[in-house]
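Listed in order, the protein sequences are those of chains A and B.
Per my numbering, residue 9 is the first one in the first sequence, and the count goes up by one each step.
Per my numbering, residue 39 is the first one in the second sequence, and the count goes up by one each step.
Simulated from the structure, these hints should not be mistaken for laboratory data.
From the three backbone atoms N, C-alpha and C, an ideal C-beta is built for every residue, glycine too.
Hints are supplied without guarantee of correctness; some may be wrong.
Just a sample of chain B residues kept apart from chain A, beta carbon distances all over 12 Å, derived [stated by the list, open to error]: (1) LEU110; (2) LYS135; (3) GLY158; (4) GLY170; (5) LYS215; (6) ILE235.
With a Cα cut of at most 20 Å, we get these calculated SDA-like pairs of lysine to any residue [unchecked claim]: (7) LYS190/A / SER122/B; (8) LYS190/A / TRP100/B; (9) LYS507/A / LEU304/A; (10) LYS190/A / VAL77/B.
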Amino acid sequence: MTTSAETSLSEQEEKRTWTDYFTFNTDHKVIGIQYLVTSFIFYLIGGALAAGIRTELATPESDFVSPELYNQMFTVHGTVMIFLWIVPAGAGLANYLIPLMIGAKDMAFPRLNAVAFWMIPPGGLLLMASFFVGAPQAGWTSYPPLSLMTGKAGEEIWILSILILGTSSILGAINFLATILKMRMPEMGFFDLPLFCWSMLATAAMILISTPVLAAALIMLSFDLIVDTSFFDPTGGGDPIVYQHMFWFYSHPAVYIMILPFFGAISEILPVHARKPIFGYRAIAFSSLAISFLGLIVWAHHMFSSGTPGWLRMFFMATTMIIAVPTGIKVFGWCATIWGGKIRLNSAMLFGMGFVSAFLIGGLSGVMLASVPFDIHVHDSYFIVAHLHYVLFGGSVLGLFAAIYHWFPKMTGKYLNETWGRIHFVLTFIGLNLTFLPMHQLGLEGMNRRIAIYDAEFQTLNIICTIGSYILAVSTFPFLINLVWSVLKGKKAGANPWKALTLEWQTASPPLIENFEEEPVLWSGPYDYGVDVSEENDQSVQELLSDVKADMS
Amino acid sequence: MQGSTVDESQTLNYSQTEAAAQEEEHPDLRMFGVVLFLVAESMIFLGLFSAYLIYASVMPQWPPEGTPKLELLLPGVNSIILISSSFVMHRGQSAIKKNDVSGLQFWFGLTALMGAIFLGGQLYEYANLEFGLTTNLFTSCFYVLTGFHGLHVTVGLLLILFVLQRSTRQGHYTSEKHFGVEASELYWHFVDVVWVILFGLVYLL
């Protein structure tokens, strides 16, 4: 009976071929991989630019590249890493995982989903093409009047590219919201949702509310740029501060859009590899929503030195510091989760723990920066660069790597190699701290960001940063080798290699085209590790799973 | 899986049942998606309106000195036409709920006509204004806000024409199945509400 069922199954299910990944495919798993691979390619481009920036900064003079090219490099580096690497990588992970986690066959709007993905390559290529006409030089923030003075063509290309990528992000968010809210399997209530879905709920809500405001700002900036209106140009009676408000109304939430998906991923990874229930499920779930709400009302802390009136500074200082509370709840929850657990110290777990520790440093310097007097002192210095890289590299990127090591067996049916994984982690973690830790001191001593030439007294620390960045560059190779080698020859992983409880592990690896061979069964909470084992006479999770399967056939 | 017999019958019907199954798989979420999309749309307008309000409150004089007064008669009439078109359009949806396709066509056709009159009036107003896009900050705001809204009216108009074209197909819209009618109507109401706020801000404030 089993064999005949299997053969008819293979007749039913057409196989995925590699060409599917280059087409307008509506399968959320294909789209998820498309997102992840595309964004990873842009990560390599952005990383190459970063290495160029650090090479230039190895010496105080501008000798490696011209100051103009340096401006172009850091502008495109920032834009690529934000809009083409972390945001789409988070969307890719969400695309792959949400339908599997909630027991659905696909996203709510599969075709819209494919449209959203296919806006990313043109948006990215457009941005890259700007190098042919003189890339934008005004930084990823593109503040006017600076952005109105440094090359119209490059700046306008930047605006168009961001509008395309922003639209893609909004369409993705509509899909995530509709899928999580309306497509859960009938017996799955809100508090049975894996925490990754909660964090994507919060992320999608933020994208939906804040991204359109950036679009409005960029439309006005385009008018200033092309037809000489003066919305943001003080010489024509406009007000550049209005741009800053509109820009940060998106771009501060964007920080949480970039970190929340990985908060969610870490909340999945830690309990699985520590074999313990997550500590404070509801607290972590609601803290995602709290971050989402508070994240929308803190934007002006980027503008403490832009002539913001005192009462406004007070308000934004207070709300910014309050955000440390839900974030702290999460960090405490994670630490309590792994505390006393039976930890499997594999690559996913190493990156997960690396995430918690590096993000903590970035989070703490964030609280320092929330305080107005301190912020005014270090504004636009390397302290900011250190802070944001600890959050976005130490946080988002390490979280993303943890997620890739964790879900790679599900996506491909093969394990990633552990040795290469550990080499990758060690190089990344050392490189990260060597590159970004000295920047704190550079900033406190007064080195300005975004300038190719600096005072000779800062050179020693800058050389350390540059060496660190080369280690980071090198750390990419073990990962690439690992990916290719594991896809081709990796050890086969079964349906549930980590013995995890969330629904994506109830189907084959890689999952079938419509995800589940039979209706998935919600037989425990997402994190009930150890809980059921004692109640059910020491049956292992795997045995329980097979019991469930035996009941079904 | 129950057994091999069931599986074989499934294999036979797979291609036919697949399309049907996907439609019945989950409740129709398209209207929910449209609502989410309109949330994003309203945030764009909210962004533009907030910028306008900041200018109005920060600048020493608003509109800046020397801005010609805006004529209220034409845009006033235009507003009344656009607002009433929302009610006209709703009658179209009521008609299709009673399976009355010709009623749908009549009311939607009338709405399209009113929308076109609104757009024509707007262009006529643009042609006769004494100021241009770059005259000063107020006039830039005026053109960008009304122009961006006009773009939305145009899109709404195209949606209505699209529905009208589809309604000529036999049995395309029925009393149960008329997503296109509902979605275009919701969009049109949204564009209307935006106009009411915009009119208050730009013409009356």
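Any hints this thing doesn't respect? Which numbers, in order? 4, 7, 8 and 9
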